[in-house]
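Please model the complete structure; the sequences and the hints are all you need to start from.
Given next are the chains, with one letter for each unit.
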Amino acid sequence: DAKTTQPNSMESNEEEPVHLPCNHSTISGTDYIHWYRQLPSQGPEYVIHGLTSNVNNRMASLAIAEDRKSSTLILHRATLRDAAVYYCILRDRWNNDMRFGAGTRLTVKP
Amino acid sequence: DTEVTQTPKHLVMGMTNKKSLKCEQHMGHRAMYWYKQKAKKPPELMFVYSYEKLSINESVPSRFSPECPNSSLLNLHLHALQPEDSALYLCASSLPTTGFHGYTFGSGTRLTVV
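Those protein sequence lines, which keep their order, are chains A and B. Residue numbering for the first sequence follows my numbering, beginning at 9 and increasing consecutively. Residue numbering for the second sequence follows my numbering, beginning at 809 and increasing consecutively.
Treat the hints with care, since some could be wrong.
Capping the alpha-carbon separation at 20 Å, the derived lysine to any residue pairs in SDA-like fashion look like this [said to hold, decoys possible]:
1. A:11 to B:854
2. B:848 to A:16
3. B:849 to A:60
4. B:848 to A:71
5. B:846 to A:25
6. B:849 to A:113
7. B:861 to A:105
8. B:848 to A:109
9. A:11 to B:861
10. B:846 to A:107
11. B:848 to A:50
12. B:849 to A:64
13. B:849 to A:110
14. A:11 to B:866
15. B:848 to A:18
16. B:848 to A:100
17. A:11 to B:908
Partial selection, computed: residues in chain B whose CB lies under 7 Å from chain A [stated by the list, open to error]:
18. 836
19. 851
20. 853
21. 856
22. 864
23. 891
24. 895
25. 898
26. 910
27. 913
28. 914
29. 915
30. 916
These are calculated hints, taken from the structure and not from any lab test. Beta carbons are placed, not taken as given, at the ideal position from N, Cα and C, and that holds for glycine.
And the structure:
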């Protein structure tokens, strides 16, 4: 899997939007951009993924740069329950060997 | 059923013991995975099974022995572990062509080796 770079930590206020950045300058044409999050004392949880176009689901939105070298996970209204480590991972469409980077630890303040 | 179930949730074992971790899913996923996670670190891939066959072993010591007896079940047999093997062991499953689909993780087994 190609490498991603994320900030070690971020803070946000409850009920405000959060933009979590991810750089992946070595992304290849067959790499999907996946986001997972891990709440305290739980296994990782799938959040969203995309290839080229922006994606929305009930949990979050994924904005992908036109050159695909970076992406941003958007939580529209952060809640205390969104405090977690967020992982941005590049996944080749044909390989099933997902590896995690260090991720971003998100703190949500009341 | 959209869950991956791992048992036991907690396990304490001595260095001479033999124990097994169990993982089960009924989502029809044909790829299953074991990860190891130390405190404050990201999960590390250990093993990948695809269609019940071992496809990836990340140079894991032989004291960890995986087994996939059928498409719904994944075991991790443990023998002669060391204290540094204490960690959270996570199981996951997915459709095999995983670029298109996400993984579903269990809540893990927290293992303590004494």
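Tested hints:
1. Only pairs whose Cα atoms come within 20 Å are accepted, and residue 11 (chain A) paired with residue 854 (chain B) is accepted, the gap being roughly 19 Å.
2. Between residue 848 (chain B) and residue 16 (chain A), the direct Cα distance comes to roughly 12 Å. Compliance with the 20 Å bound is thereby established for this hinted pair.
3. Between the alpha carbons of residue 849 (chain B) and residue 60 (chain A) the distance comes to roughly 30 Å, so the proposed pair goes past 20 Å and is violated.
4. Between the alpha carbons of residue 848 (chain B) and residue 71 (chain A) the distance comes to roughly 28 Å, so the proposed pair goes past 20 Å and is violated.
5. Straight-line distance between C-alpha atoms of residue 846 (chain B) and residue 25 (chain A) comes to about 31 Å, which puts the hinted pair past the 20 Å bound.
6. Taking the CA atoms of residue 849 (chain B) and residue 113 (chain A), the gap is about 11 Å. The hint holds against a cut of 20 Å.
7. The hinted pair formed by residue 861 (chain B) and residue 105 (chain A) meets the criterion: a straight-line CA distance of about 14 Å does not exceed 20 Å.
8. Note on residue 848 (chain B) and residue 109 (chain A): the hinted pairing holds, with a Cα-Cα distance of about 12 Å set against a maximum of 20 Å.
9. In summary, the hint linking residue 11 (chain A) to residue 861 (chain B) is not supported, as the alpha carbons are separated by about 27 Å, beyond the 20 Å threshold.
10. With a CA separation close to 15 Å, the supplied pair residue 846 (chain B) and residue 107 (chain A) stays within the 20 Å bound.
11. Between residue 848 (chain B) and residue 50 (chain A) the CA atoms are separated by roughly 13 Å; this keeps the pair inside 20 Å, and the hint holds.
12. As the CA atoms of residue 849 (chain B) and residue 64 (chain A) are separated by approximately 29 Å, the hinted pair breaks the 20 Å bound.
13. At most 20 Å may separate the alpha-carbon atoms for a hinted pair to count; residue 849 (chain B) and residue 110 (chain A) meet this at roughly 7 Å.
14. For the hint linking residue 11 (chain A) to residue 866 (chain B), the alpha-carbon distance of about 18 Å falls within 20 Å, and the restraint holds.
15. Annotation: proposed proximity of residue 848 (chain B) to residue 18 (chain A) holds, straight-line Cα distance about 16 Å (limit 20 Å).
16. Of the pairs offered as hints, the one joining residue 848 (chain B) and residue 100 (chain A) is violated, with about 26 Å between alpha carbons and a cut-off of 20 Å exceeded.
17. Using a Cα cut-off of 20 Å, the hinted pair residue 11 (chain A) and residue 908 (chain B) holds, with the two alpha carbons roughly 19 Å apart.
18. Here the hint on residue 836 (chain B) is broken, as its CB sits about 15 Å from the closest CB of chain A, past 7 Å.
19. Checking residue 851 (chain B) against chain A: minimum C-beta separation of about 5 Å stays under 7 Å; hint holds.
20. Given the 7 Å rule on beta carbons, the hint for residue 853 (chain B) holds: about 5 Å separates it from the nearest Cβ of chain A.
21. Here the hint on residue 856 (chain B) is kept, as its CB sits about 6 Å from the closest CB of chain A, short of 7 Å.
22. Because the closest C-beta pair between residue 864 (chain B) and chain A is about 5 Å apart, less than 7 Å, the hint holds.
23. Among the interface hints, the one on residue 891 (chain B) is violated; its C-beta lies about 21 Å from the nearest C-beta in chain A, farther than the 7 Å criterion.
24. At about 13 Å, the closest approach between the beta carbon of residue 895 (chain B) and any beta carbon in chain A exceeds 7 Å, and the interface hint on this residue is violated.
25. The interface hint given for residue 898 (chain B) is met, as the beta carbon of that residue sits about 5 Å from the closest beta carbon of chain A, less than 7 Å.
26. The criterion of a C-beta within 7 Å of any C-beta in chain A is met by residue 910 (chain B), whose closest approach is roughly 3 Å, and the hint holds.
27. For residue 913 (chain B), the interface hint holds, since its Cβ comes within 7 Å of a Cβ in chain A; the closest pair sits about 3 Å apart.
28. Given hint, residue 914 (chain B) at the interface with chain A, holds; its Cβ is 5 Å from that chain's nearest Cβ, closer than 7 Å.
29. For residue 915 (chain B), the shortest C-beta to C-beta distance to chain A is roughly 5 Å, which falls under 7 Å, so the interface hint holds.
30. About 5 Å separates the beta-carbon of residue 916 (chain B) from the nearest beta-carbon of chain A, less than 7 Å, and the hint is met.
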